[in-house]
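So the protein sequences, as listed, match chains L and S. First residue of the first sequence: 850, per the working numbering; consecutive thereafter. First residue of the second sequence: 850, per the working numbering; consecutive thereafter.
Hints in this document: simulated from the structure, not taken from any laboratory. Some hints here could point you the wrong way.
[To be verified] Lysine-lysine pairs mimicking BS3-like chemistry, simulated, CA-CA at most 27 Å apart:
hint, chain 1, residue 1, chain 2, residue 2
1, L, K864, S, K1034
2, L, K1073, S, K1045
3, L, K1028, S, K864
4, S, K1051, L, K1073
5, S, K1051, L, K965
6, S, K1147, L, K988
7, S, K1076, L, K1073
8, S, K1076, S, K1051
9, L, K1143, S, K1076
10, L, K1147, S, K1073
11, S, K1149, L, K1003
12, S, K1028, L, K1051
13, S, K1028, L, K864
14, L, K864, S, K1024
Below are the chains, spelled out letter by letter.
Protein chains: 2
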Amino acid sequence: MSLLVVGSVALDSVKTSFGEVSEVLGGAAVYSSVAASIFTQVNLVGVVGDDFPKEYIEYLQGRGIDTKGLKVTKGKTFRWKGLYEENLNEAITLETQLNVFASFDPELPQGYKDIKYVFLANIDPTLQLKVLRQIKKPKLVALDTMNYWINHKKDALLEIIKEIDVMVVNEAEVKQLSKEDNINKAMERIMAYGLKCLVVKKGEYGVVALHQEGFFFLPAFPLKEVKDPTGAGDTFAGGFMGYLSSQDEISFHCLKEAIAYGTALASFNVEDFSLERLRLVKREEVLERVKSLKNMVKFKDN
Amino acid sequence: MSLLVVGSVALDSVKTSFGEVSEVLGGAAVYSSVAASIFTQVNLVGVVGDDFPKEYIEYLQGRGIDTKGLKVTKGKTFRWKGLYEENLNEAITLETQLNVFASFDPELPQGYKDIKYVFLANIDPTLQLKVLRQIKKPKLVALDTMNYWINHKKDALLEIIKEIDVMVVNEAEVKQLSKEDNINKAMERIMAYGLKCLVVKKGEYGVVALHQEGFFFLPAFPLKEVKDPTGAGDTFAGGFMGYLSSQDEISFHCLKEAIAYGTALASFNVEDFSLERLRLVKREEVLERVKSLKNMVKFKDN
């Protein structure tokens, strides 16, 4: 089945101890879509300015990503500038230029309204809700958000959380949203809004998921070099949703597999700047890392 | 087989958001010995002052812990005072009184020299080496250390690391000792000293082990309340070594099981101050948490 991804499409400038890049392809919806496209057909909804390089759109299309929902508008593309210091789990934002993204008003092309799998990447929850309302009968909806919306649009965020199936967020966001410091208690509180599964990204410490059937943990893939963590969480979510939309079922078993696929993809993404490594990843390489990850948590009898 | 534990025996004063305790039973060797005593016969080597409450020694003896190696010396017992704020992974030390511990000079009682399993808890590496030299034919030696010794006695520490089998340390210590920020690279560097297995404690993020056969990860048991993290790492190490010394083999499989037992025990320990919870733990409760932990990392096919 195909997947709908809605979110930011950006030009990123990033500096890490391994170097820097300027105005390269980025944005949550891009990382998610490219990751998901390894497993499924992706339909991207977003907005860019008329300065957005044509080759980037062609690249996405070349991966089988449908860009009918990617609106090109007069003006400048959303830009983000950040750096990572010692703590690779946390980006330091130097500059955010919303540009055309400030007036993003997602209208789904007619054909998109029957899509069953939906990933609402981090945008204003009011817009996430607007997208969701346009989907006729979704089978699985996942959502990401950020501290800004938790602070400024909490009511809208809580409204949509009650309507979705899976939330994919980071540790700090879960604590902030639940107003609870203990991560396990925080997760139970968020689950109580009626989620099927809450997936919490902990950066280099991996992922923990709370499902109606219990907890599930998976470490990050142990890399010896992380060049640029930008997009790791979005790549994870894209791999996770891409894998799920390629399957027939949404069991706990299937969600665990999706977490492993997302984790493997994220590990490739951070090996280079922008989408340099992710774009080269072969399905077999992903399968290999998934297998390694499973081995790293394997007991003789579990 | 029995286990030798050498390390600090202390009177701890601890404050957390759940309350505070003053001059209660503590110290790395105590937490480790009590945890290990669930699985095996423990022989404790340490030193206390003549102010050390007799009932604490009787308590240890009541658990079958041999205290022939616990020297009672004229003077005051080692005291540690600390508090935990929001970050429960890090203690803030308010006061350390070494007292009789400053002149600790471990001499093993004759019968201890044939012991096969040895846990050298965090003390001066020169003393750890002195203890190790007295053991005739150890089968498995594990060691913990701390930032102070890495800074001030690095040569002695590296000397003993080359002679032991398993190092059980925390994340910051591995990075500091290896002078490497990437934890996976750091672990490989430490392994290169000739360890069979390096076990890295990451607090609430669980444990990662690097063995000659590969990586192994286990999350911490997801608690909804942590009252006092003091001794968690020592309890882990004690449970780990206690389990191993109750087994016939030291395979990777067996080390993984030992990590699960140590993790389960540590999770009980942090549920209350001092050894209040740990002293009540039943073997069956430990088995139950071990089973839960295994379930939390279980795939259908791994």
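Against the structure, the hints come out as follows:
1. About 22 Å separates the Cα atoms of K864 of chain L and K1034 of chain S, which keeps this hinted pair within 27 Å; it holds.
2. Distance restraint check for K1073 of chain L and K1045 of chain S: the Cα-Cα separation of roughly 20 Å lies within the 27 Å cut-off, and the hinted pair is therefore satisfied.
3. Annotation: proposed proximity of K1028 of chain L to K864 of chain S holds, straight-line Cα distance about 23 Å (limit 27 Å).
4. Simply put, K1051 of chain S and K1073 of chain L have alpha-carbon atoms about 18 Å apart, close enough for the 27 Å limit, and the pair holds.
5. For a cut-off of 27 Å, the pair hint linking K1051 of chain S to K965 of chain L is broken: about 39 Å separates their Cα positions.
6. Between the alpha carbons of K1147 of chain S and K988 of chain L the distance comes to roughly 26 Å, so the proposed pair stays at or under 27 Å and holds.
7. Note on K1076 of chain S and K1073 of chain L: the hinted pairing is violated, with a Cα-Cα distance of about 35 Å set against a maximum of 27 Å.
8. At most 27 Å may separate the alpha-carbon atoms for a hinted pair to count; K1076 of chain S and K1051 of chain S meet this at roughly 18 Å.
9. Using a Cα cut-off of 27 Å, the hinted pair K1143 of chain L and K1076 of chain S is violated, with the two alpha carbons roughly 33 Å apart.
10. Among the hinted pairs, K1147 of chain L with K1073 of chain S is consistent with the structure: their alpha-carbon atoms are about 25 Å apart, no more than 27 Å.
11. For the hint linking K1149 of chain S to K1003 of chain L, the alpha-carbon distance of about 37 Å lies beyond 27 Å, and the restraint is violated.
12. Restraint check for K1028 of chain S and K1051 of chain L: satisfied, since their Cα atoms lie roughly 24 Å apart, inside the 27 Å limit.
13. The hinted pair formed by K1028 of chain S and K864 of chain L meets the criterion: a straight-line CA distance of about 23 Å does not exceed 27 Å.
14. At roughly 23 Å between alpha-carbon atoms, K864 of chain L and K1024 of chain S fall within 27 Å of each other, so this suggested pair holds.
Hints 5, 7, 9 and 11 from the earlier list are contradicted by this structure; the remaining hints agree with it.
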